[in-house]
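A.B. asks: Take a look at the letters that make up each chain.
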Amino acid sequence: MKHHDKNHRVTRRDFLRGTAYATLGLAMGIEGLPRAGKGSAFAAENPLSQVVLVRHEAAVDAGHQVNSVVVAEMLDTAMKTFTGEGDIAKAWQRYFHPQDNVGIKYTRCSWQRIHVNQAVLDAITDRLIASGVPRNRVTANDFGLPVKDCTALINVPTVKVHSLTGIAVSIKNYINFTRIRIFYHHDGSSKLGETWLLPEVKGKTRLIVVDMLRPYFGPGPQINPLHQWDYKGILVGTDPVAIDTVCLSICQKKRNLFKGEEWLITPPPRSLATADSVYHLGTSDPTKIELTRLGWEKEQLI
Amino acid sequence: MGELSRASLILLGLSLFAPHVARAEENMLRLPQQVLGWKTDGQDKVFTRQTIFDYMDGGGEIYLAYDFQQLLAREYARADAPRIVAETYQMASSRDAYGIFTHDTDGQPVSMGQMALYSAGLLRFWKDRFFVRLQAEDETPEVKAALMTLGHQIASGIPSNGKKPSLLMALPPQGLIESSVHYFHTPVSLNIHYFLDDSNLLNLNSKTEAILAQYHQDRDRPRLLVVRYPRPSDAAAAFEQFGKVYLRQSPAGKAVYRKLEKEQFAGGRREERALLLVFEAGSRESAEKLVDLAASRMKGVTP
Numbered sequence: 001m002k003h004h005d006k007n008h009r010v011t012r013r014d015f016l017r018g019t020a021y022a023t024l025g026l027a028m029g030i031e032g033l034p035r036a037g038k039g040s041a042f043a044a045e046n047p048l049s050q051v052v053l054v055r056h057e058a059a060v061d062a063g064h065q066v067n068s069v070v071v072a073e074m075l076d077t078a079m080k081t082f083t084g085e086g087d088i089a090k091a092w093q094r095y096f097h098p099q100d101n102v103g104i105k106y107t108r109c110s111w112q113r114i115h116v117n118q119a120v121l122d123a124i125t126d127r128l129i130a131s132g133v134p135r136n137r138v139t140a141n142d143f144g145l146p147v148k149d150c151t152a153l154i155n156v157p158t159v160k161v162h163s164l165t166g167i168a169v170s171i172k173n174y175i176n177f178t179r180i181r182i183f184y185h186h187d188g189s190s191k192l193g194e195t196w197l198l199p200e201v202k203g204k205t206r207l208i209v210v211d212m213l214r215p216y217f218g219p220g221p222q223i224n225p226l227h228q229w230d231y232k233g234i235l236v237g238t239d240p241v242a243i244d245t246v247c248l249s250i251c252q253k254k255r256n257l258f259k260g261e262e263w264l265i266t267p268p269p270r271s272l273a274t275a276d277s278v279y280h281l282g283t284s285d286p287t288k289i290e291l292t293r294l295g296w297e298k299e300q301l302i
Numbered sequence: 303m304g305e306l307s308r309a310s311l312i313l314l315g316l317s318l319f320a321p322h323v324a325r326a327e328e329n330m331l332r333l334p335q336q337v338l339g340w341k342t343d344g345q346d347k348v349f350t351r352q353t354i355f356d357y358m359d360g361g362g363e364i365y366l367a368y369d370f371q372q373l374l375a376r377e378y379a380r381a382d383a384p385r386i387v388a389e390t391y392q393m394a395s396s397r398d399a400y401g402i403f404t405h406d407t408d409g410q411p412v413s414m415g416q417m418a419l420y421s422a423g424l425l426r427f428w429k430d431r432f433f434v435r436l437q438a439e440d441e442t443p444e445v446k447a448a449l450m451t452l453g454h455q456i457a458s459g460i461p462s463n464g465k466k467p468s469l470l471m472a473l474p475p476q477g478l479i480e481s482s483v484h485y486f487h488t489p490v491s492l493n494i495h496y497f498l499d500d501s502n503l504l505n506l507n508s509k510t511e512a513i514l515a516q517y518h519q520d521r522d523r524p525r526l527l528v529v530r531y532p533r534p535s536d537a538a539a540a541f542e543q544f545g546k547v548y549l550r551q552s553p554a555g556k557a558v559y560r561k562l563e564k565e566q567f568a569g570g571r572r573e574e575r576a577l578l579l580v581f582e583a584g585s586r587e588s589a590e591k592l593v594d595l596a597a598s599r600m601k602g603v604t605p
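So the sequences go chain by chain: A and B.
Note that this note's numbering gives residue 224 to position 224 of the first sequence, counting from 1, and the numbers run on in steps of one.
Note that this note's numbering gives residue 343 to position 41 of the second sequence, counting from 1, and the numbers run on in steps of one.
No wet-lab data here; the hints were simulated from the structure.
No residue lacks a Cβ here, since even glycine has one placed at the ideal position from N, Cα and C.
Among the clues, some could well be false.
Unchecked claim - With beta-carbon atoms standing in for the labels, derived distance ranges:
| # | chain 1 | residue 1 | chain 2 | residue 2 | range |
| --- | --- | --- | --- | --- | --- |
| 1 | A | E200 | B | T342 | 49 to 55 Å |
| 2 | A | A58 | B | D594 | 37 to 43 Å |
| 3 | B | Q476 | A | Q300 | 22 to 28 Å |
| 4 | B | P443 | A | G144 | 51 to 57 Å |
| 5 | A | P199 | B | K564 | 34 to 40 Å |
| 6 | B | I479 | A | K202 | 46 to 52 Å |
| 7 | B | D356 | A | E262 | 33 to 39 Å |
| 8 | B | T353 | A | K148 | 26 to 32 Å |
| 9 | A | P199 | B | D594 | 58 to 64 Å |
| 10 | B | D356 | A | L48 | 36 to 42 Å |
| 11 | A | G144 | B | Q476 | 21 to 27 Å |
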């Protein structure tokens, strides 16, 4: 499918008027846009997708240190809520079985960047094993995850506004499954969704757990500490587009707060729009997403 | 494939085959071996245009857009203290060192090099052809002191100052928000600072120079974009395209303005080989005034 050509260029005006990427504009809080679906943003009564957000004030301390015990509790709460199971092992057994080879694809950058906290990885691994998946069938990695050998994947990204992609969460997390990563940064990163449809990847993602403890909202590519904040959140879901849309909305509001005026996330995250409309990985329409918010409410931003 | 995409691929191609990096060690800054108890830890790392992506996968494009030449990265360590990474980026010109410095302008101004910013364990400055970035894992009073000392030592090792882009002279000073000024060449940079379109509407490339700045104008915050092209015909073509696609009104003469979304005005004029564009102005009059002021100042801008 053709994504982009000279005659279908998208301008700032198209974006602001909602004639292009309307659902993204809605998620980013651009006023006056026509709603793509019916209902309120992130409060769908008959949702296409569900996302659970859990926050805890004690998850990160004043020195930005992560509390692993609290993080594990947050993950349990999120999983129980998302599955409706009262027992945490049963919640995980909804998605993973003892005979699975589970790959945990997380985001690891050098210390200068935004990487998944070890506490999140440990909590996921522990619960997975406790639910019955043998330890030797669980592999966690960023680069080098043996995805061909995996029967199931858990996508564990961080959240960062990205100078080329707009925003990088679960959809971009699979870019390392390709050998031509730079290719996916071109053309507004619009083809990132393709990485989810690679033969060795397609259909394997059973769960997405987002480490939103300390997300990044600045222009990047390198980290300015002023642009990282302790949001202290974890998100769980199965729809990567819905999850990324929720994160987009939160980061946009944080940027606006930081500048005291609208500071649009740019370039517009075309990868999110095409993940919905071209690759059909999920919905980016906030009116079709039901977001359950639990825990610490201060500056929830959504 | 869109024009932006083609331009990006061309940029990438140029970077991969650029012939002007002979040896990584050439012209490299000398960094101190130690500072306030922090000592060099591990081998220095050197990255060129060909290898920048090894250092910052997904981020090298920004540096290449500023004609980056080479990077020296050195880590410093001290027992029971946060590590410090010193990065010195050598650009092809002082204009580009200034330009990459303006990529992110959030921080507290400090006196160092030709311009410097500090923010919570991150110190950045530019001087001559160098952009220097010193970042600690965490901020403590000792770390901040070390960063400042290290920064001053590195800056003093750069013997001369460099010229800022002459195009800056086009910016009218009244109402200018200094921290909003960005200097760049390519659509990759423009779209980070102000998304205009996804197809390189203004035909920006490595040979164009652009300045984006925001102004205080009563309750409005208009943005002024000045682009200088190699030839008047380049500017004319870009102006025609901008009018037709963005304003949906062909610029019949030298200037065109229109009321757009949110009751805001956009437009501009061409002046020889330069375009002077304004966005988000509160009225047509204020838009014209800002552009005309910049146009008059363009006459004093050196080539």
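A.B. asks: Okay, Q476(B) versus Q300(A) on CB: inside 22 to 28 Å?
C.D. replies: violated (41 Å)
A.B. asks: Given a hinted range of 33 to 39 Å, is it respected by the beta-carbon distance of D356(B) and E262(A)?
C.D. replies: About 36 Å separates the Cβ atoms of D356(B) and E262(A), which means 33 to 39 Å holds.
A.B. asks: Taking 58 to 64 Å as the hint, is the beta-carbon distance of P199(A) and D594(B) inside that range?
C.D. replies: 59 Å Cβ-Cβ, so the 58 to 64 Å window holds.
A.B. asks: Could you say whether the range 37 to 43 Å given as a hint is met by the Cβ separation of A58(A) and D594(B)?
C.D. replies: Given a distance of about 57 Å, which is not inside 37 to 43 Å, the answer is violated.
A.B. asks: Given the hint of 46 to 52 Å, check if I479(B) and K202(A) actually sit that far apart at their C-beta atoms.
C.D. replies: Since I479(B) and K202(A) have Cβ atoms about 48 Å apart, the given range 46 to 52 Å holds.
A.B. asks: Is it true that G144(A) and Q476(B) lie within 21 to 27 Å of each other by Cβ?
C.D. replies: violated (56 Å)
A.B. asks: Is the gap between the beta carbons of P199(A) and K564(B) within 34 to 40 Å?
C.D. replies: Violated, at about 46 Å.
A.B. asks: Against the range 49 to 55 Å, how does the distance between the Cβ atoms of E200(A) and T342(B) compare: consistent or not?
C.D. replies: violated (42 Å)
A.B. asks: Given the hint of 36 to 42 Å, check if D356(B) and L48(A) actually sit that far apart at their C-beta atoms.
C.D. replies: At roughly 40 Å between Cβ atoms, L48(A) and D356(B) fall inside 36 to 42 Å, so the hint holds.
A.B. asks: With 51 to 57 Å as the target window, see if P443(B) and G144(A) comply at their CB atoms.
C.D. replies: Given about 40 Å between the Cβ atoms, the range is violated.
A.B. asks: When you take the CB atoms of T353(B) and K148(A), is the distance between them in 26 to 32 Å?
C.D. replies: Once the Cβ atoms are compared, 29 Å apart, the range 26 to 32 Å for K148(A) and T353(B) holds.
Checked against the numbered hints given earlier, this structure breaks hints 1, 2, 3, 4, 5, 11; the rest are met.
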